[in-house]
Amino acid sequence: MSAAVIDVHGLEKAYGDAPVLRGVDLTVPRGSITALLGSNGAGKTTLVRILATLLRADAGSASVAGFDVATQPAQVRGAISLTGQFAAVDEILSGRENLVLVARLRHVPDPGAVADELLERFSLTEAGGKRVATYSGGMRRRLDIAMSLVGDPPVIFLDEPTTGLDPQGRAEVWRAVGELARQGTTVLLTTQYLEEAEQLADQVAILHEGRVVVNGTIAELKRLLPPARVEYVEKQPTLEEVFLAVVGPVRATAPAGEPAPEATP
Amino acid sequence: MTTHAISETAALTGRTLRHVTRSPDTVITTAVTPVAIMLLFVYVLGGAISTGSDSYVGYLLPGILLITIASGVSYTAYRLFMDVSTGVFERFRSMPIPRSGVLWAHVTTSVTANLVSLALVVGVALLMGFRSPASPLAWLGVVTILVLFTLALTWLAVIAGLSASSVEGASAFSYPLIFLPFISSAFVPTETMPTPVRVFAEHQPVTVVVDAVRGLLDGHAVASDVWGAVAWCVGILVVGWVLAARVYRRSFR
Numbered sequence: 001m002s003a004a005v006i007d008v009h010g011l012e013k014a015y016g017d018a019p020v021l022r023g024v025d026l027t028v029p030r031g032s033i034t035a036l037l038g039s040n041g042a043g044k045t046t047l048v049r050i051l052a053t054l055l056r057a058d059a060g061s062a063s064v065a066g067f068d069v070a071t072q073p074a075q076v077r078g079a080i081s082l083t084g085q086f087a088a089v090d091e092i093l094s095g096r097e098n099l100v101l102v103a104r105l106r107h108v109p110d111p112g113a114v115a116d117e118l119l120e121r122f123s124l125t126e127a128g129g130k131r132v133a134t135y136s137g138g139m140r141r142r143l144d145i146a147m148s149l150v151g152d153p154p155v156i157f158l159d160e161p162t163t164g165l166d167p168q169g170r171a172e173v174w175r176a177v178g179e180l181a182r183q184g185t186t187v188l189l190t191t192q193y194l195e196e197a198e199q200l201a202d203q204v205a206i207l208h209e210g211r212v213v214v215n216g217t218i219a220e221l222k223r224l225l226p227p228a229r230v231e232y233v234e235k236q237p238t239l240e241e242v243f244l245a246v247v248g249p250v251r252a253t254a255p256a257g258e259p260a261p262e263a264t265p
Numbered sequence: 266m267t268t269h270a271i272s273e274t275a276a277l278t279g280r281t282l283r284h285v286t287r288s289p290d291t292v293i294t295t296a297v298t299p300v301a302i303m304l305l306f307v308y309v310l311g312g313a314i315s316t317g318s319d320s321y322v323g324y325l326l327p328g329i330l331l332i333t334i335a336s337g338v339s340y341t342a343y344r345l346f347m348d349v350s351t352g353v354f355e356r357f358r359s360m361p362i363p364r365s366g367v368l369w370a371h372v373t374t375s376v377t378a379n380l381v382s383l384a385l386v387v388g389v390a391l392l393m394g395f396r397s398p399a400s401p402l403a404w405l406g407v408v409t410i411l412v413l414f415t416l417a418l419t420w421l422a423v424i425a426g427l428s429a430s431s432v433e434g435a436s437a438f439s440y441p442l443i444f445l446p447f448i449s450s451a452f453v454p455t456e457t458m459p460t461p462v463r464v465f466a467e468h469q470p471v472t473v474v475v476d477a478v479r480g481l482l483d484g485h486a487v488a489s490d491v492w493g494a495v496a497w498c499v500g501i502l503v504v505g506w507v508l509a510a511r512v513y514r515r516s517f518r
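Protein sequence lines, in the order shown, are assigned to chains B and R. Here the first sequence is numbered in the numbering used here, starting from 1 and rising by one per residue. Here the second sequence is numbered in the numbering used here, starting from 266 and rising by one per residue.
Derived from the structure by calculation, the hints contain no laboratory data. Be a bit skeptical, because a hint or two may be false.
A few chain R residues facing chain B, derived, Cβ under 10 Å [what the hints assert, rightly or not]:
hint	residue
1	I271
2	A275
3	G352
4	E355
5	S431
Please read these numbers as outputs of a predicted model, since none were measured by experiment. Just so you know, even glycine gets a beta-carbon here, dropped at the ideal spot from N, CA and C.
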């Protein structure tokens, strides 16, 4: 069960004379949500693009779901789904048409039913018939993640899933990612927000200057620092809590797994 | 495996065709400029042009059709560029489908959209008095040459769409192609041109293709013109296809 789904050894990649990855080692356990943390330009996207077979590494090896990304790219593509920053949704099609298209490309039986089920799960049923160009940022990312789930690929790459979203949009995406964890999909997500990693991930890898400098569970990472001291601090509401209290909670977007507020007795 | 590849390419073609049907203006604007040129030449300049043929519309139409194709393929370059720049292309490339499928979808869509625009232009020519004694077989020849010409220019458009760094760059590549028919036998016979221009005009592909289509529509097809036109189109098609494949491999590894 705990076998590594993504296994990376000594991966190197340079653009011209500028090295981006200088020997990355990374293991992602099956069924985990692993956050790849790093500042802008740390090479997160480069690493994801290599793992998704969109880019070739200069040196080192990487395997995804047991297949080598360099020698078995077709099998790797059969096992993964890429979504986020650089993999987009079609703006001219409706949300439902986007899902049906991916279902047809993945040869899923009954593409229409699969699309409707995913629209419902990601609270997009009402918007399903509208063109994606009219969607908000949060709706677009939710559709993006829903498209990744078509055909139940065992590994999903989420590249900066919440960059550029407002707080509501981010909350919607976080909930959608939580859904993935529940169904046992392995997720590798890149982010530059530490809070996001802490919220979503059970494993964290920190990419710095072309190498993974830390890789482990959040509890393990916290043990790397001196033990916590007890301090008394007045608890102020965060600006985010104030913002959400003022503008109201996220509209009825609770995923299917949670009971809607009205449904509670 | 191959049936999968066909059904996947069909699904992707359905998608790009929907881009065309949801912005029908692209098909119409493709036809508007050639129609305007046709009106200008027939009703303003045509009276002063002596071509030795009975109907100037009939003389002019083959060149107008090539201009239509040249302006139509700029939308193909535009659509492909948008797919690359928005990241839709990357999504398809990370999926378990043949990587050429997206390109073939764009090529099929280009041919379909251009045939609709061509039909619009022929319709206007009919209203302007164009009549042809051509047999069904000759019409089939005309359509075959026009489709080959479209395919040839479409692969050039694929190169532009994949390698452009801006929307303007992606669609601007077709301007010289639109201009090329003016230095050919499309509007006036080449005999009156000064020698250097005439030599260029008589040996460039547009003249060969125009002469072949004009012959077929007149009912006086010259076999050497027809085969010359086919050879030019297939030649450009193969070179464009090879270059497009090279650009694709270089930009997306």
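Right, here's what the structure says about each hint:
Taking 10 Å as the C-beta contact cut-off toward chain B, the hint placing R/I271 at the interface is violated, the least distance being around 12 Å. At a threshold of 10 Å, the smallest CB-CB gap from R/A275 to chain B is about 9 Å, leaving the interface hint in force. Checking R/G352 against chain B: minimum C-beta separation of about 4 Å stays under 10 Å; hint holds. For the restraint placing R/E355 at the interface with chain B, the shortest Cβ-Cβ distance is roughly 5 Å, inside the 10 Å limit, so the hint holds.
Annotation: R/S431 was flagged as interfacial toward chain B, and the flag is violated, the nearest CB pair being 18 Å apart, outside 10 Å.
The earlier numbered hints that this structure contradicts are 1, 5.
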